[in-house]
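> Chain by chain, the residues:
Protein chains: 2
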Amino acid sequence: MQVSVLFSGGKDSSLAAILLEPFFDVELVTCTFSVLPVGEIARETAARLGFAHRVLQLERSVLEKACDLVIGDGFPRNAINLIHENAVEELAADGHVCFIADGIRRDDRVPVLGIPCIRSIEDRHGVHYLSPLKGYGRAAVNELVSRHLLIEEGQSDSIIKADYETELREIIRKRHGLEKISEVFPAHIQSRVIERKSQARPEQADRHD
Amino acid sequence: MQVSVLFSGGKDSSLAAILLEPFFDVELVTCTFSVLPVGEIARETAARLGFAHRVLQLERSVLEKACDLVIGDGFPRNAINLIHENAVEELAADGHVCFIADGIRRDDRVPVLGIPCIRSIEDRHGVHYLSPLKGYGRAAVNELVSRHLLIEEGQSDSIIKADYETELREIIRKRHGLEKISEVFPAHIQSRVIERKSQARPEQADRHD
Numbered sequence: 627m628q629v630s631v632l633f634s635g636g637k638d639s640s641l642a643a644i645l646l647e648p649f650f651d652v653e654l655v656t657c658t659f660s661v662l663p664v665g666e667i668a669r670e671t672a673a674r675l676g677f678a679h680r681v682l683q684l685e686r687s688v689l690e691k692a693c694d695l696v697i698g699d700g701f702p703r704n705a706i707n708l709i710h711e712n713a714v715e716e717l718a719a720d721g722h723v724c725f726i727a728d729g730i731r732r733d734d735r736v737p738v739l740g741i742p743c744i745r746s747i748e749d750r751h752g753v754h755y756l757s758p759l760k761g762y763g764r765a766a767v768n769e770l771v772s773r774h775l776l777i778e779e780g781q782s783d784s785i786i787k788a789d790y791e792t793e794l795r796e797i798i799r800k801r802h803g804l805e806k807i808s809e810v811f812p813a814h815i816q817s818r819v820i821e822r823k824s825q826a827r828p829e830q831a832d833r834h835d
Numbered sequence: 627m628q629v630s631v632l633f634s635g636g637k638d639s640s641l642a643a644i645l646l647e648p649f650f651d652v653e654l655v656t657c658t659f660s661v662l663p664v665g666e667i668a669r670e671t672a673a674r675l676g677f678a679h680r681v682l683q684l685e686r687s688v689l690e691k692a693c694d695l696v697i698g699d700g701f702p703r704n705a706i707n708l709i710h711e712n713a714v715e716e717l718a719a720d721g722h723v724c725f726i727a728d729g730i731r732r733d734d735r736v737p738v739l740g741i742p743c744i745r746s747i748e749d750r751h752g753v754h755y756l757s758p759l760k761g762y763g764r765a766a767v768n769e770l771v772s773r774h775l776l777i778e779e780g781q782s783d784s785i786i787k788a789d790y791e792t793e794l795r796e797i798i799r800k801r802h803g804l805e806k807i808s809e810v811f812p813a814h815i816q817s818r819v820i821e822r823k824s825q826a827r828p829e830q831a832d833r834h835d
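Those sequence lines, one after another, are chains V and W.
Quick note, the first sequence lines up with residues 627 to 835 if you use our numbering.
Quick note, the second sequence lines up with residues 627 to 835 if you use our numbering.
Note that these hints are calculated values from the structure, not bench results.
Don't take each hint at face value.
Because identical chains cannot be distinguished in the list, a pair is counted as satisfied if it fits within a single copy or across any two copies.
Straight line, CA to CA, 25 Å or less: simulated SDA-like cross-link-like pairs of lysine to any residue [to be verified]:
no. : residue 1 : residue 2
1   : K823      : F649
2   : K800      : V723
3   : K691      : I741
4   : K800      : H722
5   : K806      : H751
6   : K823      : C724
7   : K800      : R750
8   : K823      : P648
9   : K823      : D699
10  : K800      : L682
11  : K691      : E779
12  : K800      : K823
13  : K691      : G803
14  : K823      : E685
15  : K823      : N712
16  : K823      : D749
17  : K691      : S772
18  : K800      : R822
19  : K823      : I706
20  : K806      : G676
21  : K823      : E809
22  : K823      : D651
23  : K691      : R735
24  : K800      : R745
Quantities reported herein were computed from a predicted structural model and do not represent experimental measurements.
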């Protein structure tokens, strides 16, 4: 069974892929609007993690709509959700995709797909949508991340990664100027995966501890 | 890292343990009020799954309170939640336990612990509470179960397992008679695990397909 994991190069989507790996053939999928080379950035990280990777082109109109939403709302939540829902829909419409996963955690407030939205996508396309970290709190995720990944963390404007926010910030910068970004995006800590600590099964690694 | 998985002998808690196995040392924990030999039933299933197992004795007063709740409410939801919360609290209070898991799925309505309740337990006891199936819908769980487990399914009054409902039904039968059970417990399909389909890693199994 193959699972397509929406992949930003951050710790959550990386850990989601690692948790699925013993049970699925994992392919990482990074969405892009081709505003910035986020596909390439993610491809490098995916290679370091040892997973297959592909780039999924999303409609530029979705990013434009998301941009309008951020500016109208004054915060990015609805815009990020719009992009995420669109990404899952796009993957689900691919006839070869059966399992779709993301890195959403229990405590995440954005992106989050509501249950009715998830069920609608699952039913219309005959796919399964998985959030392997949905039952994990922040501290548990961090504990597992520290065992499996070497990460870099920093303020969201200093970390180059391949999440939805990266291209959303860029289109806002182009259209509304740099100051607008700090006005609508609350500063928050982002993570970028440097490498995987061990390709070996954790229990095998334990034996060598 | 050890994880203690609350285990009923059903497919959900069994699958939760299987999903955690590559990343944790799994011990299965079955709660009992010693009204019925549910610990023994679960121990046999755990042995067939190849996991360590222990029985956790819960206070009889909790079952009695749960019984009063079912009778008062006319449905078992709050009673089952009370027992589950008590089981997680009891495990969390064990100084040796750091990760606690259960088999709650995305679509489950009972038992469910609310986020504030989970955070309270995590913070007070310094533990992590995991629901590995929380991001999996019913169909995805069934797909994984069919790959990893041989199960028996039947109406809830015909399947002998080690879930909270088993002893709750028994105390209601003793106190209020057999008819009361069908009055307050909606008939539903239960599962019991017969055996594990493969002890090998799924990707290893795939190679032999």
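> Could you work out which of the previously given hints the structure breaks and list their numbers from low to high?
Of the numbered hints given earlier, those the structure breaks are 2, 4, 5, 7, 9, 11, 12, 14, 15, 16, 17, 18, 19, 20, 21 and 24, listed in rising order.
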